[in-house]
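**Q** One-letter residues, chain by chain:
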Amino acid sequence: LSIAKGARIGARCQIAATAIIYDNVILGDDCIVEDFVVLGHAARRALNRDHLSIGNGAIIRSHSVLYEGSTFGRSLQVGHGSLLREGIEAGVNLQVGSMNALEGDASFGDWVRLHSNVHISKGTKIGDLVWIFPYVVTTNDPLPPSGMCVGVTIEDGAVVCTSSVILPGKTLGTGAFVGAMSRVSADVPAGGLYIGNPGKLIGPVTKLRHLESDKQHPWYNHHRDAYPVEAHARIAEIAAIVEEACKNL
Amino acid sequence: LSIAKGARIGARCQIAATAIIYDNVILGDDCIVEDFVVLGHAARRALNRDHLSIGNGAIIRSHSVLYEGSTFGRSLQVGHGSLLREGIEAGVNLQVGSMNALEGDASFGDWVRLHSNVHISKGTKIGDLVWIFPYVVTTNDPLPPSGMCVGVTIEDGAVVCTSSVILPGKTLGTGAFVGAMSRVSADVPAGGLYIGNPGKLIGPVTKLRHLESDKQHPWYNHHRDAYPVEAHARIAEIAAIVEEACKNL
Amino acid sequence: LSIAKGARIGARCQIAATAIIYDNVILGDDCIVEDFVVLGHAARRALNRDHLSIGNGAIIRSHSVLYEGSTFGRSLQVGHGSLLREGIEAGVNLQVGSMNALEGDASFGDWVRLHSNVHISKGTKIGDLVWIFPYVVTTNDPLPPSGMCVGVTIEDGAVVCTSSVILPGKTLGTGAFVGAMSRVSADVPAGGLYIGNPGKLIGPVTKLRHLESDKQHPWYNHHRDAYPVEAHARIAEIAAIVEEACKNL
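These protein sequences, in sequence, are chains A, B and C.
Take the first sequence: its letter number 199 is residue 199 in the numbering used here, and every next letter is one higher.
In the numbering used here, each number is its position in the second sequence, counted from 1, plus 1000.
In the numbering used here, each number is its position in the third sequence, counted from 1, plus 2000.
Honestly, I wouldn't trust all of these hints.
Said to hold, decoys possible - In silico contact screen, one side only, chain B against chain C (beta carbon under 7 Å); selected entries:
| hint | residue |
| --- | --- |
| 1 | Asn1056 |
| 2 | Pro1134 |
| 3 | Ala1180 |
| 4 | Thr1206 |
| 5 | His1210 |
| 6 | Lys1215 |
| 7 | Ala1226 |
| 8 | Tyr1227 |
Bear in mind the hints are in silico, worked out from the structure with no lab data behind them.
All C-beta atoms in this analysis are idealised placements derived from N, C-alpha and C, irrespective of residue type, glycine included.
Please construct the entire structure, taking both the sequences and the accompanying hints into account.
**A** Rendered as structure tokens:
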């Protein structure tokens, strides 16, 4: 078992024999760490070695790598083969799918969901209850390559559909929705529906409706039960903001 | 060697010392399993533990993970770092490139080819002799996030070029061709050529012709020899359907 | 330690206990090889076993796989979970991010930078000081699937932004710039700025200017210091070519 002596491991954790845990790791209770995982990998820059802190109830699936210098709230889930670099601050129940690249220096609110193959650049700020689908990229360099870092902001309850790119410094407002394969070159207001390449704001998210099921966006009513009960009050707050915002779009 | 006692391993298999094989695995004869592979990973939902069944002559390259509850015909090939989750039914000689994410609950016919980094959502149904290129995504949620699952269908002999997205519930007919970076928001008829974002049907696949080589689509004549001889009769059947369909486009 | 006896390992290398190094590997001095890496993996085609040659000062991060039959100059860097197949010739200080798929039979000049999740097809030729961002794909099949291989050429100092696709056989001239999510279906002249899907040449790269910082493309002046001093003369040469080329666009 490759767990460094200095690592602080909580109670009842299940750690695969092939996982590697460095001595700067603080792992909560009831965590699962699968095969070929690396926890506490050294950051690339010359830092004081810093902790990787993971809350209770985490599941880290096989072949994933989490760097030192990040803090994750309880009930973290990470899929297979994902990379989470240094400088991440995440709330409770962040779910990261497989093969994500979180480049570090980013923040996540509570109950955020990233599907597979999401790329989050340094400087990205993500609120609560955000959903990001596969192959979405948040960028940060306004004149690549320049070394400048102007991060993207994705506010509470926003949704970014598959294979979209958010250009540097853009903000998606509360409950904004970006359609699949969109190139987001402007801020999207709260409750806004944005789509296309080139991208365009085409109205409020209430335009999104599924005829067969009669479900309609914003998603907070019809998909609330996919979240733990403790999230429901926060979902209601966001829903109220988005419903109000939609009236003006 | 990390092979559980209950696993049934065929004759003449070469299994790397670092591979992990759970006891629900049934592996055929003459298979190769490379380093850091996991076979028979538990499914995430509360299932009865189910088998992972892999036919003769499979090659599973390093760092890939195959879940329990799937069945693969003979001559499976899987590249490096791919994820194949539970509930997959695949015919003979499925070739999955590197870093694919097959999310499970999907079906594949015979001789299907997935290049690197293909993302196949739950509910996707794929016929025989289909080709899918890198960074293609099949989606399944018509109002994301909604929890609804309306899968994509890709019929025999269809081709989806790199970085395209197929929207939920859409069908690509027999021998349809989707150009690179297309957003498929409508069904594509058999033999149809579809391209763009927004996407558009622009005629029959016979429009695709390579001047220097004088090769022309459909591909079944000029690329038939890339498949084993046993596939040729099936290729001829598909070719006849597509040629007929092209006349009406 | 899983290092084959025939492998030639330079002085002062740090090789993780879980790394696998085959006997056809020639590793320079002062290299770092992290956990779960495979060096010298057999090529898929029936070749005489060939060497994998890696120069001094390389860093190969965890879970990456490098095939035999490639040669990398000094100061190679490879991120996590990347795949570098056979037949690559690379100059000094190639930096490959995480989860790249370099499909082999490709050439790279000096000081090339590939971010995460770049897909480089066989037949791609890349010059010096090129920058490629996440989810970019260079393709090679003009009539997929055909088995034909017509590679892409990316000349010195060119930049390809995130999620763009370069179609088979296209050339990006010296210092060309391709915007995010572009579909490159034509050659781009030296100093040209190309963007969109469908893609279009819209002028010289000098059109790209960041107002707040007053930085302007070409990038060779404002980002030169991100490269080692030994690269500066080459950067100046490229800058002169691009400045001249921009005058005619």
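**Q** Is the shortest C-beta separation between Asn1056(B) and chain C less than 7 Å?
**A** At 19 Å from the nearest chain C Cβ, Asn1056(B) fails the 7 Å test, so the hint is violated.
**Q** Given Ala1226(B) was flagged as interface, is its beta-carbon under 7 Å from a beta-carbon of chain C?
**A** Status holds, d = 6 Å.
**Q** A closest beta-carbon separation below 7 Å is what the hint needs, so does Lys1215(B) meet it against chain C?
**A** With a minimum Cβ separation of about 6 Å from chain C (threshold 7 Å), the hint on Lys1215(B) holds.
**Q** With 7 Å as the cut and Cβ atoms as the points, is Pro1134(B) at the interface with chain C?
**A** holds, 5 Å
**Q** So, as I understand it, the hint says Thr1206(B) touches chain C; can you test that by seeing if any CB pair is closer than 7 Å?
**A** Nearest chain C Cβ about 12 Å off; hint violated.
**Q** Does the interface hint hold: is Ala1180(B) within less than 7 Å of chain C, judged Cβ to Cβ?
**A** Cβ of Ala1180(B) sits 5 Å from chain C, so the hint holds.
**Q** His1210(B) was flagged as interface toward chain C. Is the shortest Cβ-Cβ separation under 7 Å?
**A** Where the cut-off is 7 Å and the nearest Cβ of chain C is about 4 Å from His1210(B), the hint holds.
**Q** Close enough to count: is the Cβ of Tyr1227(B) nearer than 7 Å to one in chain C?
**A** violated, 10 Å
The structure shown violates the earlier hints numbered 1, 4, 8.
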